[in-house]
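Engineer: Listed below are the residues making up each chain.
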Amino acid sequence: MMKLSPYLGRASEFLIINSGRSSCLSSRSALLARHGSTTSGRSAAGPQDANDMNTSPKSSAADMNPTSTRHTYIPRRAMMYIPGDDAKKIAKIPTLIVDCPVLECEDGVALNRKEEARQLIHKTLETADWVKERKTRGLDVAVRINSFQSGLADQDLQSLLSAKTLPTTLLIPKIEGKEELRHTAHILTEKLAGRAGRDPLRLILYIESAKALLSMRKLLKTALKVADESHNLLALDGVVFGSDDYCADIGANRSNEAKEVLFARQYFLTVVKSFQRSLQAIDLVHIDFKDLDDLRRQSEEGARFGFTGKQVIHPAQVDVVQQAYSPAPDKLKWAQEVVEAFTRHQKEGKGAFNFRNAMIDRPLLLQAENIVAYAKLIGQPQR
Amino acid sequence: MMKLSPYLGRASEFLIINSGRSSCLSSRSALLARHGSTTSGRSAAGPQDANDMNTSPKSSAADMNPTSTRHTYIPRRAMMYIPGDDAKKIAKIPTLIVDCPVLECEDGVALNRKEEARQLIHKTLETADWVKERKTRGLDVAVRINSFQSGLADQDLQSLLSAKTLPTTLLIPKIEGKEELRHTAHILTEKLAGRAGRDPLRLILYIESAKALLSMRKLLKTALKVADESHNLLALDGVVFGSDDYCADIGANRSNEAKEVLFARQYFLTVVKSFQRSLQAIDLVHIDFKDLDDLRRQSEEGARFGFTGKQVIHPAQVDVVQQAYSPAPDKLKWAQEVVEAFTRHQKEGKGAFNFRNAMIDRPLLLQAENIVAYAKLIGQPQR
Amino acid sequence: MMKLSPYLGRASEFLIINSGRSSCLSSRSALLARHGSTTSGRSAAGPQDANDMNTSPKSSAADMNPTSTRHTYIPRRAMMYIPGDDAKKIAKIPTLIVDCPVLECEDGVALNRKEEARQLIHKTLETADWVKERKTRGLDVAVRINSFQSGLADQDLQSLLSAKTLPTTLLIPKIEGKEELRHTAHILTEKLAGRAGRDPLRLILYIESAKALLSMRKLLKTALKVADESHNLLALDGVVFGSDDYCADIGANRSNEAKEVLFARQYFLTVVKSFQRSLQAIDLVHIDFKDLDDLRRQSEEGARFGFTGKQVIHPAQVDVVQQAYSPAPDKLKWAQEVVEAFTRHQKEGKGAFNFRNAMIDRPLLLQAENIVAYAKLIGQPQR
Numbered sequence: 001m002m003k004l005s006p007y008l009g010r011a012s013e014f015l016i017i018n019s020g021r022s023s024c025l026s027s028r029s030a031l032l033a034r035h036g037s038t039t040s041g042r043s044a045a046g047p048q049d050a051n052d053m054n055t056s057p058k059s060s061a062a063d064m065n066p067t068s069t070r071h072t073y074i075p076r077r078a079m080m081y082i083p084g085d086d087a088k089k090i091a092k093i094p095t096l097i098v099d100c101p102v103l104e105c106e107d108g109v110a111l112n113r114k115e116e117a118r119q120l121i122h123k124t125l126e127t128a129d130w131v132k133e134r135k136t137r138g139l140d141v142a143v144r145i146n147s148f149q150s151g152l153a154d155q156d157l158q159s160l161l162s163a164k165t166l167p168t169t170l171l172i173p174k175i176e177g178k179e180e181l182r183h184t185a186h187i188l189t190e191k192l193a194g195r196a197g198r199d200p201l202r203l204i205l206y207i208e209s210a211k212a213l214l215s216m217r218k219l220l221k222t223a224l225k226v227a228d229e230s231h232n233l234l235a236l237d238g239v240v241f242g243s244d245d246y247c248a249d250i251g252a253n254r255s256n257e258a259k260e261v262l263f264a265r266q267y268f269l270t271v272v273k274s275f276q277r278s279l280q281a282i283d284l285v286h287i288d289f290k291d292l293d294d295l296r297r298q299s300e301e302g303a304r305f306g307f308t309g310k311q312v313i314h315p316a317q318v319d320v321v322q323q324a325y326s327p328a329p330d331k332l333k334w335a336q337e338v339v340e341a342f343t344r345h346q347k348e349g350k351g352a353f354n355f356r357n358a359m360i361d362r363p364l365l366l367q368a369e370n371i372v373a374y375a376k377l378i379g380q381p382q383r
Numbered sequence: 001m002m003k004l005s006p007y008l009g010r011a012s013e014f015l016i017i018n019s020g021r022s023s024c025l026s027s028r029s030a031l032l033a034r035h036g037s038t039t040s041g042r043s044a045a046g047p048q049d050a051n052d053m054n055t056s057p058k059s060s061a062a063d064m065n066p067t068s069t070r071h072t073y074i075p076r077r078a079m080m081y082i083p084g085d086d087a088k089k090i091a092k093i094p095t096l097i098v099d100c101p102v103l104e105c106e107d108g109v110a111l112n113r114k115e116e117a118r119q120l121i122h123k124t125l126e127t128a129d130w131v132k133e134r135k136t137r138g139l140d141v142a143v144r145i146n147s148f149q150s151g152l153a154d155q156d157l158q159s160l161l162s163a164k165t166l167p168t169t170l171l172i173p174k175i176e177g178k179e180e181l182r183h184t185a186h187i188l189t190e191k192l193a194g195r196a197g198r199d200p201l202r203l204i205l206y207i208e209s210a211k212a213l214l215s216m217r218k219l220l221k222t223a224l225k226v227a228d229e230s231h232n233l234l235a236l237d238g239v240v241f242g243s244d245d246y247c248a249d250i251g252a253n254r255s256n257e258a259k260e261v262l263f264a265r266q267y268f269l270t271v272v273k274s275f276q277r278s279l280q281a282i283d284l285v286h287i288d289f290k291d292l293d294d295l296r297r298q299s300e301e302g303a304r305f306g307f308t309g310k311q312v313i314h315p316a317q318v319d320v321v322q323q324a325y326s327p328a329p330d331k332l333k334w335a336q337e338v339v340e341a342f343t344r345h346q347k348e349g350k351g352a353f354n355f356r357n358a359m360i361d362r363p364l365l366l367q368a369e370n371i372v373a374y375a376k377l378i379g380q381p382q383r
Numbered sequence: 001m002m003k004l005s006p007y008l009g010r011a012s013e014f015l016i017i018n019s020g021r022s023s024c025l026s027s028r029s030a031l032l033a034r035h036g037s038t039t040s041g042r043s044a045a046g047p048q049d050a051n052d053m054n055t056s057p058k059s060s061a062a063d064m065n066p067t068s069t070r071h072t073y074i075p076r077r078a079m080m081y082i083p084g085d086d087a088k089k090i091a092k093i094p095t096l097i098v099d100c101p102v103l104e105c106e107d108g109v110a111l112n113r114k115e116e117a118r119q120l121i122h123k124t125l126e127t128a129d130w131v132k133e134r135k136t137r138g139l140d141v142a143v144r145i146n147s148f149q150s151g152l153a154d155q156d157l158q159s160l161l162s163a164k165t166l167p168t169t170l171l172i173p174k175i176e177g178k179e180e181l182r183h184t185a186h187i188l189t190e191k192l193a194g195r196a197g198r199d200p201l202r203l204i205l206y207i208e209s210a211k212a213l214l215s216m217r218k219l220l221k222t223a224l225k226v227a228d229e230s231h232n233l234l235a236l237d238g239v240v241f242g243s244d245d246y247c248a249d250i251g252a253n254r255s256n257e258a259k260e261v262l263f264a265r266q267y268f269l270t271v272v273k274s275f276q277r278s279l280q281a282i283d284l285v286h287i288d289f290k291d292l293d294d295l296r297r298q299s300e301e302g303a304r305f306g307f308t309g310k311q312v313i314h315p316a317q318v319d320v321v322q323q324a325y326s327p328a329p330d331k332l333k334w335a336q337e338v339v340e341a342f343t344r345h346q347k348e349g350k351g352a353f354n355f356r357n358a359m360i361d362r363p364l365l366l367q368a369e370n371i372v373a374y375a376k377l378i379g380q381p382q383r
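Residue numbers (full-length UniProt numbering), protein chains in the order written: chain A, 1 to 383; chain B, 1 to 383; chain C, 1 to 383.
Excised from the complex, chain A in its bound form (with noise of 0.2 Å):
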């Protein structure tokens, strides 16, 4: 029998209209959309709830139409590779309370074992019980390939798509160009093009270099559109900041605080949250597992920053990050406090007010009602 974590019951399958900053009336359930992963990497929408002025102007009379934009939301809190040539440590997944656990195909496998995980992850597939259970109760089960550039992917992808059972998200790594992005999604809609009408297959991008960095804006709303015009057989879910890759080729080394990395981290998060899209963006591994005291700060570090989710390379470390990535209970208990004493201001005309020495105005209830909501979602106990 399979242990979920207890914030995890069925993934949510509710629906929220993302109608940007268009209107403040209907600011909750938008800025829910957008920023409901502040606390925890969960928000409601994915990328077809969402309108984009920027890119998709004609996409908004479909936003507003319920039917049209169902995509239900995956948390990833937690994403822990799992070598896809090792049966040991993939037998002990079920045992994992982690949100997305992945197949690993890239960096994690040796060169000459490549064809023997691709073969074990196909079987896993088809065949574990706990692969079955996790899809049936709308929980993540990834698999990451091969760069394109490595000339892998190709043979991978193959061998993942001839599988009777889909995993639920790809993960892509080393995005560096628009031409990898549009061969991906070829291959991809021609693979799946039977199964329309079914949940889409979700993507998830690696930005691993200075120049994909430096390339984002691009590269994301190449991989927005390419989505949009899958006709639902692809959803863009979220982007990876590779860390060590991205350190590797600046000519970086790392250290725990991760200084190195600020501006890389914070470009890229701006880059993400720009897209108005909910899209999910995770935030680098911490190295030394064992050091579980120094993880638990730079996952809340990351939480607090904006990132909704971290990797993760060893099971020791998953709890820490997906508590990190869970809203607090005394900030929960202020979120809460802060809705109702403005609620009862607003009843009574006044807009910006005082509440424990700080200046509450909408801005600030607005991110108090993203945890409040959150919470809800992922059923953590309300006062």
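Keep in mind that the hints were calculated from the coordinates and are not lab data. Hints may contain errors.
Which copy is meant is left open, so a pair is good if it fits within one copy or across any two.
[Claimed, not checked] Here are the simulated BS3-like cross-link-like pairs (lysine-lysine), alpha carbons at most 27 Å apart as the crow flies:
{"no.": "1", "residue 1": "178", "residue 2": "221"}
{"no.": "2", "residue 1": "178", "residue 2": "225"}
{"no.": "3", "residue 1": "333", "residue 2": "259"}
{"no.": "4", "residue 1": "178", "residue 2": "218"}
{"no.": "5", "residue 1": "123", "residue 2": "347"}
{"no.": "6", "residue 1": "347", "residue 2": "376"}
{"no.": "7", "residue 1": "350", "residue 2": "92"}
{"no.": "8", "residue 1": "259", "residue 2": "290"}
{"no.": "9", "residue 1": "92", "residue 2": "290"}
{"no.": "10", "residue 1": "191", "residue 2": "221"}
{"no.": "11", "residue 1": "290", "residue 2": "333"}
{"no.": "12", "residue 1": "350", "residue 2": "123"}
{"no.": "13", "residue 1": "347", "residue 2": "333"}
{"no.": "14", "residue 1": "350", "residue 2": "88"}
{"no.": "15", "residue 1": "123", "residue 2": "135"}
{"no.": "16", "residue 1": "347", "residue 2": "88"}
{"no.": "17", "residue 1": "135", "residue 2": "89"}
{"no.": "18", "residue 1": "164", "residue 2": "92"}
On a predicted model such as this, the values are computed, not experimentally measured, just so you know.
Got chain A sorted already, so can you dock chains B and C onto it with the hints?
Structural biologist: Just chains B and C, lined up with the frame of chain A:
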């Protein structure tokens, strides 16, 4: 009788030609125009005074003609919001020694009080003695309207611009696109048409989302262009970093240290300063208004980064902020000594020289000159 | 007799094909070319060695041809300015163990001493033994001219390029626009026309303003293009972050911690490294030359960020900086052990593996390989 800061006399009307980097001979005045705000948010040139080699190559002839470029500089070390519907708080404005009091229509006013705020602001502009007095002395009287996306801005403007006395400065929140800027300029120039020949209405824009931050260069280019095309009806005076809305937008939680917005603040600043137009850059709000020590730390950091002023939400914050954005006495003393020492060394034919264990070259000298010139401007006691 | 750093033998002439990210088989040499500078500012490829998939798709054939891509690598861990009009300080250069001594015409020379500096630099290049000796050994002899905007650069170049012995490297400050780069290239290629077939004149550019920083990608693209079109008369070797002028430009005050330029430094670095051309990235000056401890901290941080070297303004700073930009013994030992362990694990078919409580995967391995290769390059003792 209104009290004013000892720092403030009548706003200086003197005039500086910004010759950019093209001549090292005029660097003193050029830098004062561009960087005079180094320590306190005050420099001596507005948009019309400066040439931007990028955006307005044709204006350089005009720039060489002093009579075409007269534009006084208004300091905004502290920019304080006062709810526009709160008659009691508005009545206290004359007791405040603050560079820029803002009559607030936006987040500080509840939705069902907007009309009340409009009427009270209209009446205040027409009748309050302090408004007349500040305007006579060349000090700021500012109003913040609602964003255009809220659907409330047109009514705000209609009410505001029908007053017999206009505010000196109009603050426009949540700028997202170029169309908004063109729309705003269109409305304003129409309403202001009869006022040609007078001082321009000064505009200050707010950057408050990830998308706006990443589009900021284009937005400011457009804003400078529409101001340039307004025949002196409009002038762009500065830009505000709207920290709380920005954090809500990217899903960040504010902390006192503000590490979560370090990239955003520094990128914001770089873009503002890249226009070489002496645009003011106004830093984030410190929300915990009881913690004046941390406010001081944050204000001094902002001034050191290059911001020219800071938003405040409580009278107790004003003095701390305005002090932080004025040159410190020992810094001023250092600057005066550096300038004197350099003059001596230059006469002796020496370039870089050694001063108190530090090598002083031209860039450091320019910083020193800026500080001395600025202190003179605000009437700070000299040695 | 000139003393040289024990780190420096003859500058290595070996040659590495930079195959970019397109093949993981050649990643070792590719990364050495691109990231060899990880720990010390030295890698093995110059502009001609690398292909940039963005800007020069046609050059990939040439890149595969070793004879067309020969370009030695010159380390510039410390880049030290010596006033070009100061005969005494110039006479001391042979006693310095510094990677890159710079004969300085710009900020370190007073306006009324520029002509004196030009003549002394001309004479030094033609007659000084140390110039001859450094050039014979493939070490750097650099000159910094005045900026083109100062109106002084053309005279500087006329004087400089008429010397019988040219400097190895020309430093060009305050780059602001593409036109400047084309103008410079035009003058230089004309003056150097007779020298075809010899080593190219190496160029190093300075980014010293907000506008230049934000235009940096375009500026470097143009610079690489004009160098590529010069028929090997010019080569772009690197870019310097001109911290003091940058701070004056944005109105910032320098602090030892340098938090005010954190975004600028990290963005600068990201842009430099995004070209995948092994361009050197030279970090800010530490102005308090008596505080060697803080210099060490700042230098080590710069090296950890990915910078390849640092500007210095005093002989006492050189050794601290050059040590910081060389691999630390324990880091080198760690790297050697990681490489060995990985080789064993790879043979056994394992990908990522556990090493001293840290998970080592391909990116970390590449960092380790870079360190080992680099130490070999500079002749650092191996285990």
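Engineer: Hint by hint, say whether it matches the structure.
Structural biologist: Now for the hints, and whether the structure bears them out:
no., hint, in the structure
1, 178 <-> 221, "both (9 Å within a copy, 19 Å between copies)"
2, 178 <-> 225, "both (11 Å within a copy, 23 Å between copies)"
3, 333 <-> 259, "between (32 Å within a copy, 24 Å between copies)"
4, 178 <-> 218, "both (8 Å within a copy, 19 Å between copies)"
5, 123 <-> 347, "between (60 Å within a copy, 25 Å between copies)"
6, 347 <-> 376, "within (25 Å within a copy, 50 Å between copies)"
7, 350 <-> 92, "between (55 Å within a copy, 18 Å between copies)"
8, 259 <-> 290, "both (20 Å within a copy, 26 Å between copies)"
9, 92 <-> 290, "within (20 Å within a copy, 52 Å between copies)"
10, 191 <-> 221, "within (23 Å within a copy, 39 Å between copies)"
11, 290 <-> 333, "between (32 Å within a copy, 22 Å between copies)"
12, 350 <-> 123, "between (62 Å within a copy, 20 Å between copies)"
13, 347 <-> 333, "within (22 Å within a copy, 55 Å between copies)"
14, 350 <-> 88, "between (61 Å within a copy, 13 Å between copies)"
15, 123 <-> 135, "within (16 Å within a copy, 63 Å between copies)"
16, 347 <-> 88, "between (60 Å within a copy, 20 Å between copies)"
17, 135 <-> 89, "within (20 Å within a copy, 58 Å between copies)"
18, 164 <-> 92, "within (22 Å within a copy, 73 Å between copies)"
The structure is consistent with each of the numbered hints, conforming to all of them.
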